[in-house]
Amino acid sequence: MMARTLNVKPTTARASCRARMTARADLFPEFGTYPGSGEESPIVPFGDAKNAEREIIHGRWAMLGVTGAWSAEVGTGVPWFKAGELCTPDECTNFVFPGAVGPLAPEGSGFPSFWNVIIIEIFTVGLAECYRTGIVENPFPELTVGDVNPGGRFDPLGLSESQDLEELKIKELKHCRLAMGAWLGLIVQAIATKEGPIANWSAHVSDPVHVNITSPSLANTFAP
Numbered sequence: 000m001m002a003r004t005l006n007v008k009p010t011t012a013r014a015s016c017r018a019r020m021t022a023r024a025d026l027f028p029e030f031g032t033y034p035g036s037g038e039e040s041p042i043v044p045f046g047d048a049k050n051a052e053r054e055i056i057h058g059r060w061a062m063l064g065v066t067g068a069w070s071a072e073v074g075t076g077v078p079w080f081k082a083g084e085l086c087t088p089d090e091c092t093n094f095v096f097p098g099a100v101g102p103l104a105p106e107g108s109g110f111p112s113f114w115n116v117i118i119i120e121i122f123t124v125g126l127a128e129c130y131r132t133g134i135v136e137n138p139f140p141e142l143t144v145g146d147v148n149p150g151g152r153f154d155p156l157g158l159s160e161s162q163d164l165e166e167l168k169i170k171e172l173k174h175c176r177l178a179m180g181a182w183l184g185l186i187v188q189a190i191a192t193k194e195g196p197i198a199n200w201s202a203h204v205s206d207p208v209h210v211n212i213t214s215p216s217l218a219n220t221f222a223p
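Quick note on numbering that gives the first Met the number 0: the sequence shown kicks off at 0 and runs consecutively.
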């Protein structure tokens, strides 16, 4: 009798879990859907294809931004919102990261240059957007104008061919939304603590009971 009882409980628990998941999916059909796919969108009534395109592009920028904020602080010790103070349009030559053994470029070379970086970014990103939107004739025939999803030579691993592309789109969208939420968190952290995400994380891990969102120093920052 005891063996039967032990065998029944896990099955019952799994059935109960599946029932709860189904109920949540019925209550919140928008989670995990792609705006413009014809399904429920969390941004009602903006569920058209154009907003789906905007969300994925914003999400990709957010993923790059969060990665950059993390890697820059880990590699240099400088939080992301302080980087502009160290490399300005007036002076960005002979710039040495904290802890670096030497400058990024030979002395007198004029690099790194704030304006060179801006010009390169505008040219490369702007040209890519011109190709994508059809302003300039696309030199890559395997790509569709207006399609934000990579393919052809921009998919060297062949993921769009070897895996379910629709599933990959949903996974990317979920990562995009998580990154946009994370970037919002980085902005709030910078305002509240005047420190970068790595410094905040280290302080929280060392004393999670007292260093968290309920800390008086943080609460007073946004107090009326």
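Just so you know, the hints here were simulated from the structure itself, not pulled from any lab data. Please read all numbers here as calculations on a predicted model, not as lab measurements. Just to be clear, a hint being listed does not mean it is correct.
[As the list claims (entries may be wrong)] Each computed SDA-like pair below joins lysine to any residue, with the alpha-carbon atoms no more than 20 Å apart:
hint, residue 1, residue 2
1, 193, 58
2, 193, 116
3, 170, 194
4, 81, 91
5, 168, 191
6, 170, 186
7, 81, 49
8, 170, 191
9, 193, 168
10, 81, 199
11, 49, 199
12, 81, 168
13, 81, 170
14, 170, 74
15, 81, 70
16, 173, 152
17, 173, 65
18, 168, 199
19, 170, 58
20, 193, 170
21, 168, 158
22, 49, 145
23, 193, 173
24, 81, 157
Evaluated hints:
1. 193 <-> 58: violated (25 Å)
2. 193 <-> 116: Violated. Residue 193 to residue 116 sits at ~27 Å, over the 20 Å cutoff.
3. 170 <-> 194: The given pair, whose Cα atoms are some 31 Å apart, is violated under the 20 Å limit.
4. 81 <-> 91: holds (14 Å)
5. 168 <-> 191: violated (35 Å)
6. 170 <-> 186: violated (25 Å)
7. 81 <-> 49: violated (34 Å)
8. 170 <-> 191: violated (32 Å)
9. 193 <-> 168: Given that 20 Å is the threshold and the Cα spacing comes to 36 Å, the pair is violated.
10. 81 <-> 199: Between residue 81 and residue 199 the Cα gap is close to 15 Å, so the pair holds against 20 Å.
11. 49 <-> 199: With a Cα-Cα distance of about 37 Å, the restraint between residue 49 and residue 199 is violated, given a limit of 20 Å.
12. 81 <-> 168: Measuring from Cα to Cα gives roughly 34 Å; hence the hint is violated.
13. 81 <-> 170: violated (32 Å)
14. 170 <-> 74: violated (29 Å)
15. 81 <-> 70: holds (14 Å)
16. 173 <-> 152: violated (24 Å)
17. 173 <-> 65: holds (15 Å)
18. 168 <-> 199: violated (32 Å)
19. 170 <-> 58: holds (12 Å)
20. 193 <-> 170: violated (33 Å)
21. 168 <-> 158: holds (11 Å)
22. 49 <-> 145: Status holds; Cα separation ~9 Å.
23. 193 <-> 173: violated (29 Å)
24. 81 <-> 157: violated (39 Å)
Violated hints, listed in ascending order, are 1, 2, 3, 5, 6, 7, 8, 9, 11, 12, 13, 14, 16, 18, 20, 23 and 24; each of the other numbered hints is respected by the structure.
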